[in-house]
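Undergrad: Sequence:
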Amino acid sequence: MAASTASAAPVTGKTWRGFSITGSNEIDAVFPERITGPSAWDGKILEEHPEQWIYHVTEEDIADIDRALKHFNALDVPLTEINKTNFPLTTFASVIASQKSELFQGRGFSLIRGFPVTKYERKDQAAIFMGLGAYIGSRKPQNHKGHVLGHVKDITIGSQTKSVYDPEDPTTRIYATRKAQPFHVDGTDIVGLFCLQEGYKGGLSSVVSSHTIYNKLQEQRPDIVNLMKEQWLWDRKGEHKPDEAPYLAAAPLVYYHDRLFTFWGPHFFETMTRFKDVSVEPEKFEAMKYVQELCEKEALNMKLEVGDIQLVQNYQILHARTAYTDRPGQTRHLLRLWLLVKPEEVGFPIPFKKGDFDYEFTGNHTVPLEAE
Numbered sequence: 000m001a002a003s004t005a006s007a008a009p010v011t012g013k014t015w016r017g018f019s020i021t022g023s024n025e026i027d028a029v030f031p032e033r034i035t036g037p038s039a040w041d042g043k044i045l046e047e048h049p050e051q052w053i054y055h056v057t058e059e060d061i062a063d064i065d066r067a068l069k070h071f072n073a074l075d076v077p078l079t080e081i082n083k084t085n086f087p088l089t090t091f092a093s094v095i096a097s098q099k100s101e102l103f104q105g106r107g108f109s110l111i112r113g114f115p116v117t118k119y120e121r122k123d124q125a126a127i128f129m130g131l132g133a134y135i136g137s138r139k140p141q142n143h144k145g146h147v148l149g150h151v152k153d154i155t156i157g158s159q160t161k162s163v164y165d166p167e168d169p170t171t172r173i174y175a176t177r178k179a180q181p182f183h184v185d186g187t188d189i190v191g192l193f194c195l196q197e198g199y200k201g202g203l204s205s206v207v208s209s210h211t212i213y214n215k216l217q218e219q220r221p222d223i224v225n226l227m228k229e230q231w232l233w234d235r236k237g238e239h240k241p242d243e244a245p246y247l248a249a250a251p252l253v254y255y256h257d258r259l260f261t262f263w264g265p266h267f268f269e270t271m272t273r274f275k276d277v278s279v280e281p282e283k284f285e286a287m288k289y290v291q292e293l294c295e296k297e298a299l300n301m302k303l304e305v306g307d308i309q310l311v312q313n314y315q316i317l318h319a320r321t322a323y324t325d326r327p328g329q330t331r332h333l334l335r336l337w338l339l340v341k342p343e344e345v346g347f348p349i350p351f352k353k354g355d356f357d358y359e360f361t362g363n364h365t366v367p368l369e370a371e
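Be aware that the sequence shown starts at 0, since it is given in numbering that gives the first Met the number 0, and climbs by one per residue.
Honestly, the hints are just simulated from the structure, not real lab data. Remember, it's a predicted structure, so these values are computed and weren't measured experimentally. Keep in mind that the hints are not guaranteed to be accurate.
[Stated by the list, open to error] Across the chosen pairs, the derived CB separations fall in these ranges:
(1) 239 to 328: 50 to 56 Å
(2) 83 to 347: 21 to 27 Å
(3) 256 to 203: 31 to 37 Å
(4) 62 to 166: 40 to 46 Å
For each residue, glycine too, the CB sits at the ideal point set by N, CA and C.
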């Protein structure tokens, strides 16, 4: 059941995950031999130094968030309307600003740890996460249902919760299953995850610098780099209008205004085989396998704990999750936000960026308090 619903602005452009569904999604550019700077990091070194990328909340932080929550609840407005004004942070706003800077000027990811999330009811958990997200960017619908708050939870046939999707259906989004997710990016500027409950086994989270992967590929497999500069076909997973194509073409690697941007989605590439009029070249399957294995070797692995908030900037970070197992009383559950930023806020242009933030879906924006 949705906690609140709001009408979205009319859609003026034809796009999906930021890509044009009618035009070209590649940009001519001369790519560098190597990416240098803080965005190209070693995952195994960072694993040994969690103090460099984990922020532990303080009692002052928690009190500041509680005050903002109390103020918001007193207004009795829908969750779809939460913003910086009606969720007024003071000291913790500067913490969020520092995390946002790290996303775009540093490593590209961060982890906030230690928030006592189990003290709150579900609606307040959602309000806290969405309120904090309002200090980072604008919420973006995550699917054709218009969910601006998502749930990463297994709701497939045979799950410990409810049976909504068939896990073997190629249009089922992996976040609604307990399957392993290969390294990929989400269709937004920033993805945020808020851990409400851990599962019984598995579900390890991993992040890797796509700039580091680019450097390694340049050294080991420049042919894959060249292949990734070309447009690949993306399966739209049934999230298209009847008069629109069920897939589009977009290049996984783009070099734009002296920055490397990565658009990588193996689960959208490999299911293109379900279309009878499409064939996927064997070298692309081989490239996906090679990139996955390289990412596994270079990644930083972490176990998300209850109360953790993970923030990932999608253009320079690939993220993944191992398969997991639930059991009664231990069902893995994370809230998810997709957030959009304005290029002028982060200091560099973003390719394929559109002027309006609600270009993906028409209809209502909804905040479901449970996975659906």
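Undergrad: Evaluate each hint against the coordinates.
TA: Quick rundown of the hints versus the structure:
1. Between residue 239 and residue 328 the CB atoms are about 39 Å apart, so this pair departs from the stated range of 50 to 56 Å.
2. Range check, residue 83 to residue 347: Cβ separation about 23 Å, and the 21 to 27 Å hint holds.
3. For residue 256 and residue 203, the Cβ-Cβ distance of about 35 Å falls inside the hinted range of 31 to 37 Å, so the restraint holds.
4. Checked against the hint of 40 to 46 Å, the pair residue 62 and residue 166 passes, with Cβ atoms roughly 42 Å apart.
The earlier numbered hint that this structure contradicts is number 1, and it is the only one.
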